[in-house]
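Listed below are the residues making up each chain.
2 protein chains.
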Amino acid sequence: MSHSNQPEAQLLARILKQAGGVSHRTQGGRLPVGIGDDAALYRPSPRNETILTCDWFLDGTHFLVEKHPAESIGWKCLARAVSDVAAMGGMPRCFLLNLALPASRSGAWLDEFLKGLRMAIRAFGCDLAGGDTTRSKQVLLNIAVIGEVAAGFGVTRSGARAGDSIFVSGRLGEAELGLRLVGLKKGPLHSKNPLLQKHLYPEPRLALGQWLAKNRLATAMMDLSDGLSSDLPRLCAASKSGAQIDATLIPTPRGLAASKRLQLALHGGDDYELLFTVKPQNALRIPAKIAGVRLTRIGTITAATRLVVKTGNGKIEELKNRGWDPFC
Amino acid sequence: MSHSNQPEAQLLARILKQAGGVSHRTQGGRLPVGIGDDAALYRPSPRNETILTCDWFLDGTHFLVEKHPAESIGWKCLARAVSDVAAMGGMPRCFLLNLALPASRSGAWLDEFLKGLRMAIRAFGCDLAGGDTTRSKQVLLNIAVIGEVAAGFGVTRSGARAGDSIFVSGRLGEAELGLRLVGLKKGPLHSKNPLLQKHLYPEPRLALGQWLAKNRLATAMMDLSDGLSSDLPRLCAASKSGAQIDATLIPTPRGLAASKRLQLALHGGDDYELLFTVKPQNALRIPAKIAGVRLTRIGTITAATRLVVKTGNGKIEELKNRGWDPFC
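Read top to bottom, the protein sequences are chains L and S.
The first sequence begins at 1027 in this note's numbering and counts up by one.
The second sequence begins at 1027 in this note's numbering and counts up by one.
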């Protein structure tokens, strides 16, 4: 870290200065060894389980470096990885930043990126513990997040049973709407456009996930990253069950024709809202909002391993998986 | 995982079948939730600290997909990340596999890659706990390893003091020699060539690192990934000290002219041997070999923050940093 004559060391020093040690929540001896050694040392709390999750975030696949503000890339790379911790009902503790950059991105671009990353570190109380930097032609990011949850309280995808109510947080499809606006706009984006907020600065639903886990209300949970029509089948498969959702109940983006709104809400990805199931006798214990985020019951888990959607005119149709798959 | 109609799910099923659950050492409830959920859940042992480390392994930067056997890429991606756990004196427990692939690599190439990865999982007792897969033009790998070490026993880079003896394991420069042979050879390599073994199938020095940590013999330790002339300055900077090493003591590759051997040993990367320091009164407690790996005293930590090498004819020269830097 002190070898300022070396380019890699310079990059590390820049990252450490701008994103190292900014959250105070995980201090107090939790990270006796952070950035700069062969590995970080982390002290887990007794009686907790460790949550481990990683996410790719690649130029050309997940974002466009020429178009997306560097600050939003910094925010979103951590937000989407932390969202997986929220989906287990846990608290994020620290993360490893894996950053591969072309030389042209190691100046002003990197500073803006680190500004967004720092905002996310503070917002989520998730400290930079280490990582790896290298050179590449494209901007490549991979974030590993380490979280914790009280042993036995982590919520998986596999606990939903026939009769459970299906809930989602927030409105679905808003991030996809933002992505489409990005596609229409030429040149770099301005990050202040309110229609772009959900796409550029998603908010992992940490308070909601923790509340559901602590109160043992969610029988299954996952975050909506690829779209409801892709993610609900995953939850149902893990739970060996099916689902019927009601199109008229799904919370959709505002200010669009009804048919368009539903398509966005069913198939749009990147919302990072939580999808969770609740036993019938507990459904009334779910409030309309938690920490300012609305919660909506959208359907029921079924014993038949079919996924169907009831449309506005009462028809029952198969829910077609049209969400995002990076290999399609 | 059960959505075999989806390409991403097919890839996951292939990884799970070939590399999931093959080590028995970390079973027994240590991974109550593994691959296939939003995140893995891991149960750390009481009184241990968690070791966290990540490593990039990229086509074009760290290996050549057209040239290196896929099996060796699978082995090496885990071996080099596990080496950072060895360097802390710890035991690897599990890892997250981040794999981005072009479609052309998701068949026979992937099978060979997973074969090498499975060999490494078994050899190191380090289980696949999760990760992320996506599509990309190049083969991109990032491995996050989770390890453990008894609280307070982890060995950092910062504890070396003037007078401490400097040791290395194995022979330095053998991996670099292998890399040069790769450069000379046209077309794909045969992995059986003994001169290529260290380059293709490096062995993290887990038993040595654990023995040194357990017996509190190493005052500082790191693994040699970029070359002695790059890595020793890092250990010295972290320890706010300097070093004098003796060129005649450095264990070099066999079967080459003496001058070439020394250059390879000083500046060659990718050896994954351990570099460690020992208090003068403990130097005699270091045996000639641990777990079949030779240990060699190569010099002394000094108070002056200079790094010098004593040559065969008794001259004292500055140790020039000529190891590997991905940004140079």
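Because the hints were derived from the structure by calculation, they are not lab data.
One or more of the hints may lead you astray.
Copies of the same chain look alike in the list, so a pair counts if it works inside one copy or between any two.
[Unchecked claim] With a straight-line Cα cutoff of 30 Å, these simulated BS3-like cross-link-like pairs (lysine-lysine) come out:
1) Lys-1211 to Lys-1043
2) Lys-1218 to Lys-1240
3) Lys-1240 to Lys-1346
4) Lys-1163 to Lys-1093
5) Lys-1043 to Lys-1266
6) Lys-1346 to Lys-1163
7) Lys-1141 to Lys-1093
8) Lys-1163 to Lys-1211
9) Lys-1043 to Lys-1240
10) Lys-1212 to Lys-1346
11) Lys-1043 to Lys-1305
12) Lys-1212 to Lys-1305
13) Lys-1266 to Lys-1336
14) Lys-1093 to Lys-1336
Status of each hint after checking the structure:
no. : hint                 : in the structure
1   : Lys-1211 to Lys-1043 : neither (34 Å within a copy, 44 Å between copies)
2   : Lys-1218 to Lys-1240 : neither (35 Å within a copy, 54 Å between copies)
3   : Lys-1240 to Lys-1346 : neither (34 Å within a copy, 56 Å between copies)
4   : Lys-1163 to Lys-1093 : both (17 Å within a copy, 20 Å between copies)
5   : Lys-1043 to Lys-1266 : between (48 Å within a copy, 20 Å between copies)
6   : Lys-1346 to Lys-1163 : between (37 Å within a copy, 29 Å between copies)
7   : Lys-1141 to Lys-1093 : within (17 Å within a copy, 40 Å between copies)
8   : Lys-1163 to Lys-1211 : both (25 Å within a copy, 26 Å between copies)
9   : Lys-1043 to Lys-1240 : neither (36 Å within a copy, 34 Å between copies)
10  : Lys-1212 to Lys-1346 : neither (32 Å within a copy, 49 Å between copies)
11  : Lys-1043 to Lys-1305 : neither (48 Å within a copy, 33 Å between copies)
12  : Lys-1212 to Lys-1305 : neither (48 Å within a copy, 63 Å between copies)
13  : Lys-1266 to Lys-1336 : within (21 Å within a copy, 68 Å between copies)
14  : Lys-1093 to Lys-1336 : neither (38 Å within a copy, 54 Å between copies)
Hint check: violations occur at hints 1, 2, 3, 9, 10, 11, 12 and 14; the rest are consistent with the structure.
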